[in-house]
Amino acid sequence: MGMLRGAIVAGDNVTQIRPKAPSDESTAVSFLLSFYRSQVGRKWIMALSGVAIVGFVFFHMLGNLHLYEPAGPDGVARIDEYAEGLRAIGEPIIPRSGLLWVARIGLLAAFLVHIHAGYSLWWKSRKTRPVRYDADRTWVTASFASRNMVITGTIVLLFIIYHLAHLTWGTVHDDFIPGEVRHNVITGLDNPIVAGWYIVANLALGLHVLHGIWSMFQSLGSTSPRLAAIRTGLATGITALIVLGNLSFPLLVLTGVVS
Amino acid sequence: MRVNLRVWRQAGPDAPGGFETYQAEEVSEEMSFLEMLDMVNEELVVSGGLPITFDHDCREGICGSCGLMINGQAHGPQLGTATCQLHMRTFSDGDTIVIEPWRSSGFPVIQDLAVNRSAFDQIIEAGGFISVATGSAPDANLTLVPKVAADAAMDAAACIGCGACVAACPNGAAQLFTGAKITHLNLLPQGQAERWKRTEQMVDVMDEFFGSCSNMGECTTACPKGIPLEVIAELNRDYVKAQFINRKLTAQD
Ligand code: HEM
Ligand code: FES
Numbered sequence: 000m001g002m003l004r005g006a007i008v009a010g011d012n013v014t015q016i017r018p019k020a021p022s023d024e025s026t027a028v029s030f031l032l033s034f035y036r037s038q039v040g041r042k043w044i045m046a047l048s049g050v051a052i053v054g055f056v057f058f059h060m061l062g063n064l065h066l067y068e069p070a071g072p073d074g075v076a077r078i079d080e081y082a083e084g085l086r087a088i089g090e091p092i093i094p095r096s097g098l099l100w101v102a103r104i105g106l107l108a109a110f111l112v113h114i115h116a117g118y119s120l121w122w123k124s125r126k127t128r129p130v131r132y133d134a135d136r137t138w139v140t141a142s143f144a145s146r147n148m149v150i151t152g153t154i155v156l157l158f159i160i161y162h163l164a165h166l167t168w169g170t171v172h173d174d175f176i177p178g179e180v181r182h183n184v185i186t187g188l189d190n191p192i193v194a195g196w197y198i199v200a201n202l203a204l205g206l207h208v209l210h211g212i213w214s215m216f217q218s219l220g221s222t223s224p225r226l227a228a229i230r231t232g233l234a235t236g237i238t239a240l241i242v243l244g245n246l247s248f249p250l251l252v253l254t255g256v257v258s
Numbered sequence: 000m001r002v003n004l005r006v007w008r009q010a011g012p013d014a015p016g017g018f019e020t021y022q023a024e025e026v027s028e029e030m031s032f033l034e035m036l037d038m039v040n041e042e043l044v045v046s047g048g049l050p051i052t053f054d055h056d057c058r059e060g061i062c063g064s065c066g067l068m069i070n071g072q073a074h075g076p077q078l079g080t081a082t083c084q085l086h087m088r089t090f091s092d093g094d095t096i097v098i099e100p101w102r103s104s105g106f107p108v109i110q111d112l113a114v115n116r117s118a119f120d121q122i123i124e125a126g127g128f129i130s131v132a133t134g135s136a137p138d139a140n141l142t143l144v145p146k147v148a149a150d151a152a153m154d155a156a157a158c159i160g161c162g163a164c165v166a167a168c169p170n171g172a173a174q175l176f177t178g179a180k181i182t183h184l185n186l187l188p189q190g191q192a193e194r195w196k197r198t199e200q201m202v203d204v205m206d207e208f209f210g211s212c213s214n215m216g217e218c219t220t221a222c223p224k225g226i227p228l229e230v231i232a233e234l235n236r237d238y239v240k241a242q243f244i245n246r247k248l249t250a251q252d
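The listed protein sequences derive, respectively, from chains A and B.
Numbering that gives the first Met the number 0 applies: residue 0 is where the first sequence begins, and numbers increase by one.
Numbering that gives the first Met the number 0 applies: residue 0 is where the second sequence begins, and numbers increase by one.
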């Protein structure tokens with residue numbers, strides 16, 4: 000990258016013009032760092048971490064649908080069993096919650112990378128326009144979702160922190176019982192302010208993934224006409240499933256349909 | 000017709016700038032936007048003022064010299080054309096038109112509405128060329144180019160380097176320009192020898208001057224040549240590929 004470019008600058012030593020594979024001179028770590036340092040590499044990593052997070056968000060929503068499943072004969076809510084099941088995967092070969100922690104660490108890494116890449120690229124771009132336009136911009140192609148990725152991303156970030164404190168640690172929940180997921184969700188979302196915040200945050204999430212999924216094809220370098228044809232549909236479909244599923248929880252609890 | 004202009008005036012690269020208002024009277028609908036500015040400038044000169052500086056050359060949409068931000072749109076409200084191809088019939092009597100230079104730290108203002116676009120030249124210098132053996136001209140049909148590839152390369156080659164993509168981009172990114180140049184050369188057999196080095200080097204120089212692409216697509220809309228967003232995917236693809244490919248085995252550098 001930076002070092003390679005030196006090769007064609009006029010006046011450089013002639014021997015530098017000879018072709019040289021980049022792998023000859025960089026270790027894996029220095030390669031990753033310089034890849035991440037370039038905006039295109041960083042965007043690529045951002046898209047990959049985005050895919051991982053979208054996958055998580057989708058399955059998180061699917062898992063939560065257990066809330067609607069009637070309790071078994073033992074009277075234990077199915078979503079409580081499901082939550083317990085996630086912790087018990089692989090037991091006794093894998094220690095309790097082992098796989099869960101592997102997934103959590105992977106997810107945390109994906110989030111940290113994604114957030115760092117997102118804010119840093121946004122900041123870099125911002126700095127390249129020190130004097131802003133005076134006239135109001137007329138947007139022809141740039142969608143509302145695409146222009147507000149940092150804002151929707153920030154809302155989602157704040158929400159994730161709140162959501163963990165609310166339903167994982169229970170620190171901001173006034174009737175939290177560890178392990179009783181159904182109880183915690185229903186008593187937690189019963190409050191209109193809390194439910195409203197869940198709704199706003201998930202609408203922001205929807206805008207974020209709507210542009211995110213569409214954009215990802217581009218960032219990962221897909222030039223396939225077949226994929227291009229289904230891109231918008233795919234982004235809209237996945238977003239609709241995630242948003243509708245996630246919105247159903249606060250809405251149905253708030254309206255008393257689930258209690 | 001008569002239009003009110005709010006024009007960015009700035010004496011030099013480091014001078015503070017600001018907006019001045021002018022009234023252009025008796026503007027004919029057939030005038031091009033630049034002819035209207037010429038008329039305003041004539042009056043300014045006659046009245047002892049300094050004319051408004053703006054870039055232009057061919058005035059037929061092929062050289063890429065002109066470029067103004069008109070009412071918040073690069074090259075004005077008419078899509079698919081350069082500023083010089085915009086006519087006053089696009090506006091109505093009594094309109095107020097805000098005219099600003101391209102805004103990007105990669106395009107510093109030289110004076111008034113003229114900006115220094117040599118960052119684009121530097122991107123080109125970094126790899127926007129192919130190496131050919133000198134000597135007698137090669138036979139015209141010696142290198143076969145599939146029609147689809149020739150067409151796509153030609154579409155990308157339509158870029159005139161005006162900078163509207165950067166100006167229109169909310170992020171001030173130059174991916175459409177750089178992508179067009181990379182796509183143009185990387186699709187053709189003649190561009191294969193330096194394919195990966197070219198991509199890497201051009202993207203690295205682009206990175207030094209411009210913002211980061213969020214795939215919003217405002218660039219393609221502003222582009223007088225309608226360069227497709229696809230060239231950005233091509234840029235991304237070849238850049239990442241350049242990092243992993245074994246160049247010794249592909250006979251490409
Ligand atoms: C946790 C807080 C988050 C922040 C601060 C954040 C920030 C951002 C920003 C600023 C962008 C735009 C990048 C650009 O314009 O170049 C972006 C893109 C993206 N985000 Fe997020 N994000 C967050 C969470 C999420 C979540 C929860 C998901 C998935 C459900 C997600 C999926 C994506 C995807 C797929 C992209 C597109 C990457 C691309 O353009 O290729 N993000 N994120
Ligand atoms: S003056 Fe040449 S493109 Fe407008």
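No lab work stands behind these hints, which were simulated from the structure alone.
The structure presented is a predicted model; accordingly, all values stated were derived computationally and were not measured.
Incorrect hints may have been included.
A few chain B residues that face chain A, going by a derived Cβ cut-off under 10 Å, partial list only [stated by the list, open to error]:
| hint | residue |
| --- | --- |
| 1 | Met-0 |
| 2 | Pro-12 |
| 3 | Ile-98 |
| 4 | Ser-104 |
| 5 | Ile-109 |
| 6 | Cys-212 |
| 7 | Asn-235 |
Estimated spans, in silico, between C-beta atoms of each pair [to be verified]:
| hint | chain 1 | residue 1 | chain 2 | residue 2 | range |
| --- | --- | --- | --- | --- | --- |
| 8 | A | Ile-192 | B | Glu-28 | 37 to 47 Å |
| 9 | A | Leu-243 | B | Ala-10 | 54 to 64 Å |
| 10 | A | Thr-235 | B | Phe-18 | 34 to 44 Å |
| 11 | A | Val-130 | B | Glu-34 | 55 to 65 Å |
Every residue, glycine too, gets a C-beta built ideally from N, C-alpha and C.
Hints and how they fare:
1. Met-0: violated (20 Å)
2. Pro-12: Hint violated; Pro-12/B Cβ to chain A Cβ min 12 Å, cut 10 Å.
3. Ile-98: Holds, because the Cβ-Cβ distance from Ile-98/B to chain A comes to roughly 9 Å (cut-off 10 Å).
4. Ser-104: Status holds, d = 5 Å.
5. Ile-109: violated (14 Å)
6. Cys-212: holds (7 Å)
7. Asn-235: holds (4 Å)
8. Ile-192/A with Glu-28/B: 37 to 47 Å: violated (58 Å)
9. Leu-243/A with Ala-10/B: 54 to 64 Å: holds (57 Å)
10. Thr-235/A with Phe-18/B: 34 to 44 Å: holds (42 Å)
11. Val-130/A with Glu-34/B: 55 to 65 Å: violated (28 Å)
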